[in-house]
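Enquirer: These protein sequences, in sequence, are chains A and B.
So that you can map any letter, position 456 of the first sequence is 456 in the numbering used here, and since no number is skipped, the others follow by simple counting.
So that you can map any letter, position 618 of the second sequence is 618 in the numbering used here, and since no number is skipped, the others follow by simple counting.
Misleading hints may appear alongside valid ones.
Identical chains share a label here; the pair holds if one copy fits it or two copies do between them.
Claimed, not checked - Straight-line distance between alpha carbons at most 30 Å, and here's what the computed BS3-like set of lysine-lysine pairs gives:
#  : residue 1 : residue 2
1  : LYS150    : LYS131
2  : LYS283    : LYS389
3  : LYS73     : LYS629
4  : LYS318    : LYS604
5  : LYS131    : LYS283
6  : LYS237    : LYS393
7  : LYS216    : LYS393
8  : LYS604    : LYS73
9  : LYS283    : LYS604
10 : LYS283    : LYS442
11 : LYS127    : LYS73
12 : LYS127    : LYS417
13 : LYS165    : LYS10
14 : LYS629    : LYS150
15 : LYS461    : LYS127
16 : LYS131    : LYS318
17 : LYS604    : LYS389
18 : LYS131    : LYS73
19 : LYS389    : LYS131
20 : LYS318    : LYS237
21 : LYS128    : LYS73
Note that these hints are calculated values from the structure, not bench results.
There are 2 protein chains.
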Amino acid sequence: MNALETHESKCDVLIVGAGPAGLMLATWMAHCGINARIVDKRSTKIFNGQADGLQMRSLEIFDSFGFADRAWKEANHMIEMCMWNPGEDGIIRRSDRVPDVPAGLSRFTQIVLHQGRIERFFLDNIKKYSKDTLHVERAVLPESLEIDEKLCDDHSQDSYPITVKLRYLTDEEATPAQSNGTTVQDGLFRSNMAEDDTDDLIQRSREKQGSTEIVKTKYVVGCDGAHSWTRRQLGFKLEGEPTDFIWGVLDVIPITDFPDIRMRCAVHSASSGSLMVIPRENKLVRLYIQLTEIKPDASGRADRSRITPSTIISAAQKILAPYTLTYQYCDWWTAYQIGQRVGTNFDSRNRVFLAGDAVHTHSPKAGQGMNVSMQDAYNLGWKLGLVVKGVVKPEMLGTYQQERRKIAQDLIDFDHKFSRLFSGRPAKDVMDETGVSMKDFKDAFLQGNMFASGLSVDYGKSMLVAKEEEDEEVPQNTGSTQTKTSQETKNTTPKSNQSLAPNLPLGMRLPSHKVLNQSSAQPHHLQTLLPSDGRFRLLLFAGNILSPAQSTRLRSFCTHLSASPFLAPHLYTNIDILTVHSAPRVDVELLRDFPDVLHRFDEKTGWDYDSVFVDDVSYHEGYADAYGKFGIERETGCVAVVRPDQYVGFVGVLDGEEGWEGVESYFRGVFVG
Amino acid sequence: MNALETHESKCDVLIVGAGPAGLMLATWMAHCGINARIVDKRSTKIFNGQADGLQMRSLEIFDSFGFADRAWKEANHMIEMCMWNPGEDGIIRRSDRVPDVPAGLSRFTQIVLHQGRIERFFLDNIKKYSKDTLHVERAVLPESLEIDEKLCDDHSQDSYPITVKLRYLTDEEATPAQSNGTTVQDGLFRSNMAEDDTDDLIQRSREKQGSTEIVKTKYVVGCDGAHSWTRRQLGFKLEGEPTDFIWGVLDVIPITDFPDIRMRCAVHSASSGSLMVIPRENKLVRLYIQLTEIKPDASGRADRSRITPSTIISAAQKILAPYTLTYQYCDWWTAYQIGQRVGTNFDSRNRVFLAGDAVHTHSPKAGQGMNVSMQDAYNLGWKLGLVVKGVVKPEMLGTYQQERRKIAQDLIDFDHKFSRLFSGRPAKDVMDETGVSMKDFKDAFLQGNMFASGLSVDYGKSMLVAKEEEDEEVPQNTGSTQTKTSQETKNTTPKSNQSLAPNLPLGMRLPSHKVLNQSSAQPHHLQTLLPSDGRFRLLLFAGNILSPAQSTRLRSFCTHLSASPFLAPHLYTNIDILTVHSAPRVDVELLRDFPDVLHRFDEKTGWDYDSVFVDDVSYHEGYADAYGKFGIERETGCVAVVRPDQYVGFVGVLDGEEGWEGVESYFRGVFVG
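If we strip away everything but chain A, and leave its shape as in the complex, we get:
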């Protein structure tokens, strides 16, 4: 390596950190064809342990990129949650069984698979869609970040306001030593109890020889975890406090007579603390175990040297008694101190963004951390992609903090409540006021279940969500250009009519029901027709197109659609058109009954057969009744705009001039003129 050699380069988006959030961002970059880079200070990907619960919404997102099936096939599926509590004799008993997630919300259920596999799927997908041009650059450390304030508002092609200095580490620098010297991987060096090692690496690197690179870039996304280097460069803080609750985590193959070891379980013992059982793939079980005997010192931090697999399993044995629990194989272990913190700012001047643990940290037991982190990046990625390509207005970037900070706040509020209920001693009876009521715990669990699915996310009114009313909670707009955006939005946002499709809720992700391809009769889940390719969807619920009146309405709408000078350049490239009609499939013919714009002709490949669908009975998979489930009137239908991330942005009438104006007005608020 050439000492002190410095290269210079340019890219559009630089991602710092290749955990789940960074990889999600990179996946969007690959699918949108953006000139991006992703760097990580570690020299290898992780291979086991870490976060592992995948929410239904995360699986829907994976499916939109094309790899949910890999996770679904390898993972353990969580079906039932059992609650164990002490009886009057102090002995634990199963008190409740509830479904792990409510039925009917998604075509997926919650699954568990370790983070190393999930990162593998991301890496493979990025490789495929970027045609091998985008890959994680490991053992690369950012050393400085400078923002040229004068250039920040100039989002044009040649404006690179940010300069980042990267340094290429030696293997030795990039791989921190395991803390316990054993062959079992522990997670302490990446847990929130470990010392932040980034500064150490920079310290050490100053004494070493290594090449550096100056990167000029348009946007930086810090996905670099709870100790985020990027966040510190911006001077932003996480707000919140640690608690006194210390928990250990063991990934083991358990040898036990506890009957529910293959169920998700919450176990409250009478006086030895609590434990959560998360069954995993390959016979593994993850145990979250409260370590009641370990207390933080005066500085608020616990003595990590006292925590070993042996102290953790001992604590678990006391909680689970009279059942026995041992193991011969341990795959991974760690420990953490519960705390909830959220960032004050999610972006700086719409140029540097923070996602995932870099802006919110909390306890892992709710199975949320990785999911919310990935979903942060999923919210941001397409917006960045479309701004870089010059398709949408740059102020759209302000919706990232507006939409995601509220989610993070909700998450830590939930975690704050849930952690205390879970870590608290169970009440002996109704008079025991310092104990936790097991009824309260169950209620909190059920209440949080919907939240924990990832499906309750409801984004507020913005240039992207044409809601009729402002959200109750006004987003905090510190340090971003968002306030201006909200002002502008008010002027351009069209009026939605939610009553036309009550169950296609504005601001929420499109629920999925099966529809049939008009030309092949094949059933498809509607959501699978909206892959994450950076395109908005114009969803025409065309109604009964065999009725002459409705056919006239549809043709009038389509005439406007084809003739719009504003939208013409965006059709098909930035706006995909999908039609779902409600007439009997066998009475309808694609070429006869639908305007060409809905199934366009290509001189090399003929008519498009994959854009017109029908809500009708299938031979093998029953009748989904999509119109009925969305609450859409079967005769007259409606039109909806769905964002590239599958969230509903607009609902209006499908009727000539009036319907058309709503749609065009939505897109005028979004696209560059």
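Position chain B relative to chain A; hints supplied.
Expert: Positioned in the frame of chain A, the structure of chain B alone reads:
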């Protein structure tokens, strides 16, 4: 390459030909851990064209090896079949729509994906399960095959009765020139109209320098196609005649106004011949087109130089008129002359076997060829594997011809009838006796639909199928040791009691319904619990195990099971035990209610949680009612033995001594003592 150098080596199974049948055989070898080799004279795998329809049964088999999901994801799914016939005015009209396959037969439907992808999945699976020890050796040509008759009946470890000489070709030899010199791949060089090129290659190779290898092997399987070199070495014949019907095949992206181009269609024109539409993946459509203007000469063979994509599309245009049809992209094309032929012998002395096109050829339109070929090899593979390992009696190999020759005969009988109905001119009216009645055609199609699913296969009584009655059709046992086998079988086969589970039919593949894991509540299709790993399954339908009487019956049965000196060495290694009970899941506990033998303890990994299941309601996937669908009494249940290929071998009572004797007697007839 060292001229005339000759190596010598040994292997247990040598597979000649790496098409779908050969790859299926190799997949079994990989899953059973057999020392096998597979050679193919061509230098590369195929990349497009060829056979492409996958029956439901083939997908079930793929799933048992672990790769059905890949095919399912990439393929086009065939849902509906449309029939087009001339009206009184001679113009074609859609006369019928029927489901492509009947509903409810399988968890899969019929799909279409080109052979190159299917071979890819096999290759990847073989690599994974053989731990990269078994791979296709391409550009390797067998030159001679000798059988040492004296050793044939000695199936012991050190007996290698067969000697095959292999020669390593140069690239030039291994890749035949395309017949038309264009960049579009055509299939003529592998179709049944092409000259057999194997002998040519041997001729040419005599003038070239190349190394050869002498392989001593126990078994050879010839999967080397219609012109099988292996078959010719054995002196076996295919019996049957070609017809005068010549068909062309085009894989194109069609540009057309024909409304049903994305449906499977059978189109009979008034006087221009017939056409079949098979929609494919990636916008492709396969067209089978009758070439009425091409006739065979006096030798019975057609002039191939007259057949080009242009003559084929012209024929299609006439058939489809007044609809238009053109294309700009052609992926592959070929032509063939219909003929049905079946081999006299499927094996020689239980040492050399023939599978697939090597023993039966027919027209491709029934979508059967590749499927029946793969299913031949699927029937043979585990038998070879278990004989090589010394687990089962060598005479079991005789059941290959017994079971598969009847299937081949049924296939060509069906194809004979179907081809003539399809290639014939439609009758103008009921008085038109030389025309084909379109009602007869539809009836034949519907009748053949079940056959074409691959699910109607019903193997006769043998050492592997404890049927109460002999099959009506006695298998032809020419040249194999099968007659002896049948004699022996009669003495040892136990009595099944089919009435205990009427819909778990002896000799047919296990139908699949969902059951729940007792320990995790996860639903599984029963068939997915029977992966192709070479093990027989003892399926205990344990009934209502909360009833004391039934619990006593089950425990008595299990006591015999654990105590049997004959079966003890086979339990878990060669016989997997699966239990499905019918008591309410939440009232049952694995460790309390089931004998240990049903969920054995391992000192490193604890109890087995993946062997006991329940027929109960699931949270997300409804209630499958497996007992009801199998016709099994819910209180008392029954016991079944399922072969390693998922075919039902035995059904009996689950009741102490009597039930146990049936099971032991079945396995005494199968396993080496």
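Enquirer: Kindly indicate which numbered hints from before are broken by the structure, ordering the numbers from low to high.
Expert: 1, 12, 14, 15, 16 and 20
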